[in-house]
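Novice: Between the sequences and the hints, there should be enough to build the whole structure, so can you do that?
This is what each chain is made of:
Number of protein chains: 2
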Amino acid sequence: MEELQDNIQFQLTDELIEKVEVLVEDQNDKELKLLLHEYHYADIAEVLDELDHDDAVYVIKLLDSGLTSDILMELDEDNREKILKNLSAKEIAEEVEELDTDDAADIIAELPEERQEAVISQIEDEEHKAEIQELLAYDDNTAGSLMAKELVKVYETWTVAGCLRRIRGQAKEVTRVHSIYVVDKEEKLIGRLSLKDLIVAKSDQKIADIAKDNVDFVHVNDDDEDVAKVMAKYDLEAIPVVDDNQTLLGRITIDDIVDVLKEEAEKDYQLAAGLTGDVEADDSIIELTRARLPWLFLGLIGGVGAFIIMEGFQEAFSQYAVLFFFTPLIAAMAGNVGVQSSAIIVQGLANDDVKGSVNNRLIKEMLLAALNGVILAVFLLLFIWIYIGELDKAIAISVSLVAVIIIAGLIGTFVPLFLDKRGIDPAIATGPFITTSNDILGILLYFWIAKLILGI
Amino acid sequence: MEELQDNIQFQLTDELIEKVEVLVEDQNDKELKLLLHEYHYADIAEVLDELDHDDAVYVIKLLDSGLTSDILMELDEDNREKILKNLSAKEIAEEVEELDTDDAADIIAELPEERQEAVISQIEDEEHKAEIQELLAYDDNTAGSLMAKELVKVYETWTVAGCLRRIRGQAKEVTRVHSIYVVDKEEKLIGRLSLKDLIVAKSDQKIADIAKDNVDFVHVNDDDEDVAKVMAKYDLEAIPVVDDNQTLLGRITIDDIVDVLKEEAEKDYQLAAGLTGDVEADDSIIELTRARLPWLFLGLIGGVGAFIIMEGFQEAFSQYAVLFFFTPLIAAMAGNVGVQSSAIIVQGLANDDVKGSVNNRLIKEMLLAALNGVILAVFLLLFIWIYIGELDKAIAISVSLVAVIIIAGLIGTFVPLFLDKRGIDPAIATGPFITTSNDILGILLYFWIAKLILGI
Numbered sequence: 011m012e013e014l015q016d017n018i019q020f021q022l023t024d025e026l027i028e029k030v031e032v033l034v035e036d037q038n039d040k041e042l043k044l045l046l047h048e049y050h051y052a053d054i055a056e057v058l059d060e061l062d063h064d065d066a067v068y069v070i071k072l073l074d075s076g077l078t079s080d081i082l083m084e085l086d087e088d089n090r091e092k093i094l095k096n097l098s099a100k101e102i103a104e105e106v107e108e109l110d111t112d113d114a115a116d117i118i119a120e121l122p123e124e125r126q127e128a129v130i131s132q133i134e135d136e137e138h139k140a141e142i143q144e145l146l147a148y149d150d151n152t153a154g155s156l157m158a159k160e161l162v163k164v165y166e167t168w169t170v171a172g173c174l175r176r177i178r179g180q181a182k183e184v185t186r187v188h189s190i191y192v193v194d195k196e197e198k199l200i201g202r203l204s205l206k207d208l209i210v211a212k213s214d215q216k217i218a219d220i221a222k223d224n225v226d227f228v229h230v231n232d233d234d235e236d237v238a239k240v241m242a243k244y245d246l247e248a249i250p251v252v253d254d255n256q257t258l259l260g261r262i263t264i265d266d267i268v269d270v271l272k273e274e275a276e277k278d279y280q281l282a283a284g285l286t287g288d289v290e291a292d293d294s295i296i297e298l299t300r301a302r303l304p305w306l307f308l309g310l311i312g313g314v315g316a317f318i319i320m321e322g323f324q325e326a327f328s329q330y331a332v333l334f335f336f337t338p339l340i341a342a343m344a345g346n347v348g349v350q351s352s353a354i355i356v357q358g359l360a361n362d363d364v365k366g367s368v369n370n371r372l373i374k375e376m377l378l379a380a381l382n383g384v385i386l387a388v389f390l391l392l393f394i395w396i397y398i399g400e401l402d403k404a405i406a407i408s409v410s411l412v413a414v415i416i417i418a419g420l421i422g423t424f425v426p427l428f429l430d431k432r433g434i435d436p437a438i439a440t441g442p443f444i445t446t447s448n449d450i451l452g453i454l455l456y457f458w459i460a461k462l463i464l465g466i
Numbered sequence: 011m012e013e014l015q016d017n018i019q020f021q022l023t024d025e026l027i028e029k030v031e032v033l034v035e036d037q038n039d040k041e042l043k044l045l046l047h048e049y050h051y052a053d054i055a056e057v058l059d060e061l062d063h064d065d066a067v068y069v070i071k072l073l074d075s076g077l078t079s080d081i082l083m084e085l086d087e088d089n090r091e092k093i094l095k096n097l098s099a100k101e102i103a104e105e106v107e108e109l110d111t112d113d114a115a116d117i118i119a120e121l122p123e124e125r126q127e128a129v130i131s132q133i134e135d136e137e138h139k140a141e142i143q144e145l146l147a148y149d150d151n152t153a154g155s156l157m158a159k160e161l162v163k164v165y166e167t168w169t170v171a172g173c174l175r176r177i178r179g180q181a182k183e184v185t186r187v188h189s190i191y192v193v194d195k196e197e198k199l200i201g202r203l204s205l206k207d208l209i210v211a212k213s214d215q216k217i218a219d220i221a222k223d224n225v226d227f228v229h230v231n232d233d234d235e236d237v238a239k240v241m242a243k244y245d246l247e248a249i250p251v252v253d254d255n256q257t258l259l260g261r262i263t264i265d266d267i268v269d270v271l272k273e274e275a276e277k278d279y280q281l282a283a284g285l286t287g288d289v290e291a292d293d294s295i296i297e298l299t300r301a302r303l304p305w306l307f308l309g310l311i312g313g314v315g316a317f318i319i320m321e322g323f324q325e326a327f328s329q330y331a332v333l334f335f336f337t338p339l340i341a342a343m344a345g346n347v348g349v350q351s352s353a354i355i356v357q358g359l360a361n362d363d364v365k366g367s368v369n370n371r372l373i374k375e376m377l378l379a380a381l382n383g384v385i386l387a388v389f390l391l392l393f394i395w396i397y398i399g400e401l402d403k404a405i406a407i408s409v410s411l412v413a414v415i416i417i418a419g420l421i422g423t424f425v426p427l428f429l430d431k432r433g434i435d436p437a438i439a440t441g442p443f444i445t446t447s448n449d450i451l452g453i454l455l456y457f458w459i460a461k462l463i464l465g466i
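Residue numbers (my numbering), protein chains in the order written: chain F, 11 to 466; chain Y, 11 to 466.
A couple of the hints might just be wrong.
[Claimed, not checked] FRET-style restraints, in silico, Cβ to Cβ: (1) Y:I373 / F:D254: 55 to 65 Å; (2) F:D254 / Y:K431: 49 to 59 Å; (3) Y:K163 / F:S367: 52 to 62 Å; (4) Y:Q37 / F:L392: 53 to 63 Å; (5) Y:F307 / F:L44: 56 to 66 Å; (6) F:E196 / Y:D233: 49 to 59 Å; (7) Y:D86 / F:D149: 32 to 42 Å.
[Stated by the list, open to error] Here are a few chain Y residues that sit away from chain F, every Cβ distance over 10 Å (derived from the structure): (8) S131; (9) H138; (10) I459.
Don't read these hints as lab results, they were simulated from the structure. Being a predicted model, the structure only gives us computed values, none of them experimental. Every residue, glycine too, gets a C-beta built ideally from N, C-alpha and C.
Specialist: So, in structure tokens, the structure goes:
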């Protein structure tokens, strides 16, 4: 049992980090290798992410590229960038030789323009080099930018026996064989089969006879998020990628899709929280400020807007100072309702389950907001009436609250739907954007209606 | 090429839905089968989700269980529930017979207690029944509740040839063979190999010689989110599940993990937006009210708190009405900063990349908030000074803003860290919770400091 250890039990400890730092300090290469070889490359990457990057570079240069290439892929992007800066084009090329084409292309794409050529020219395996250059040519966020060239391909005319013999060669360079793709002599994708089918089949059967022709595939220019949705929806663990002529170009595996899904979810979450760009807790104060300040400015402008509105109503409400004390409540409710309704729409759009017309959505949201608004308004009315004892003000404030909540709900529903129709990411409509606009509008509406009701 | 169609091109059209509705109306079973058999079960599920559920039940009863069992798994949970209500225990058992044990157990678990027994008793395949009962016994959100019993298992003593012969049998009932798990005669997991390894190996080699002994695995009681993290981190597409004795119990495949990751991300997103429970845009107004109202109540209470505070300062600030006009600004900034800082912590905790001590976090956040606060305060100061022309008020308001932003940032950072340490989901600390508490505290702080500076 010794060599079996539950991966969930790996914990990044300060002891381990220190141990590595000391060994690097002492340049005790032998011990360092012994220690690190006990760990999975993803765990070693976590350790290196914690070292200052001279030490990390030392470790990368020490271990053999078979291992370090995998470690590099697992590092935080900023750390990887720092480390690659300290490696020669030749050293990077050696790492790249060890990687699948998709990872290789990703790493090279992260390098500054001028270094990319230098690294590529150092790649010895000509086929590998050509494939990487092909992948680098595809646009970001397309199936082409996600796919790998490594796959197992057989011709329809082969027999099971001949096939098994031949794919032994191909399979060696493919980390995981999900599907075997069947092509005709023009390299066009015409079907697929699994290793399982091959093993279960009789050895003299023709591939054409046992191949499944209902093969799923995507086009090289399809959007990567669409590819992710399709693979998740159809429970696919790999999907082949073709061009306009149905020619098999590569395949996308689900582990890449997991990353796409995670990134997309994190992006939406951050936008909802008022953070631009992909920031992490460990980023520098400058990076974090860059992500946070723009939204705070928006909030500042909104607040100034609210001030101007309230000042405008100062005269009219000189006898009704109490109304001003409820503006934070009005603003908060308008903001909360707006975020709730927009978040539901944004998530629905992301999952493709927002159906029916925009009007139906708005009518539904109006009913929903009205229901919530009335319930809340009743409590507010009772509180004000009892607390201040002036029914007219209580009614004015409560009725305005209902109106504000309804409008806030409608805006929160409409804006993301509108942005989505315009091809803009609806996620930007959540968070500070919606709260700020709802704050101003809510307060304005509040005073208007109160004025009306109180007959000022 | 005809039979190949790009799945990304499937669009759920009203035409298709109507076509199905008409065919159901006319009870035109033949046409209906012909039409639906053109589509993937996941697509058919999308259609059924749009039908009213009598029609959906009709379709389910029409198609054969081999197909409908897959369709059922893809339906929205509420729709599936409605449909299962209309199927007899025998009919549900037939569907269950077609499903892998993990899906089968999930479906049965969704049934009301009393029906579960009835359905299980109707399952004919005794082994399948026993396995499902075993899975039903594991707690929710554990590896046991995620795993399937279907896997390919070989004994270390077998030869490659004998192994290939024997797994032909096992493989038939396993949809996807990710790994072949090697066990000793006590059924203990001692290694793994891939079909690829088996095919590449010589037929007279012993399994023990070609098996990899560095097999990853999880314990049956491990938390499902931890399993998801591990599989994503180590890029695993399947992981075996063992008990305390290292006995191989089942395996978890990555498609289940994709669901876990998506659900987790959606839950955090909804909490940040002030939504409880897993609601969708298409849920009923009642369901949506249940999800939204509690948070709005929180907001209402916060607003009332703000009112009471402002009323308390009314006397003192009778000459400074203008200060009250900035309370929405103060509240908004306190809320935004709180959400930003808490969101970064929540996401960091979810990705296990919040390292270092709590104190360091707080110090960093304080510096960050101070930097942002000062920048914003300068603009506010200039605006008020120019607009109102009273420097003392401008200073009082701006300085308070900085203090409010710092406190808001600290609360937003501390609360989720604190909840996490206490084993409470930190995600509840984002959204309305943090904005509401920050609103009140912010406004209180604002008046205190203004009072101090203005020497009232």
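Novice: Please go over all the hints and tell whether each is borne out by the structure.
Specialist: Now the hints, each set against the structure:
1. Y:I373 / F:D254: 55 to 65 Å: Between Y:I373 and F:D254, where Cβ atoms are some 57 Å apart, the hint holds.
2. F:D254 / Y:K431: 49 to 59 Å: Given a distance of about 56 Å, which is inside 49 to 59 Å, the answer is holds.
3. Y:K163 / F:S367: 52 to 62 Å: 53 Å, holds
4. Y:Q37 / F:L392: 53 to 63 Å: About 56 Å separates the Cβ atoms of Y:Q37 and F:L392, which means 53 to 63 Å holds.
5. Y:F307 / F:L44: 56 to 66 Å: 60 Å, holds
6. F:E196 / Y:D233: 49 to 59 Å: With Cβ atoms ~50 Å apart, the hint holds.
7. Y:D86 / F:D149: 32 to 42 Å: 34 Å, holds
8. S131: 30 Å, holds
9. H138: 20 Å, holds
10. I459: Holds: least Cβ distance 17 Å, greater than 10 Å.
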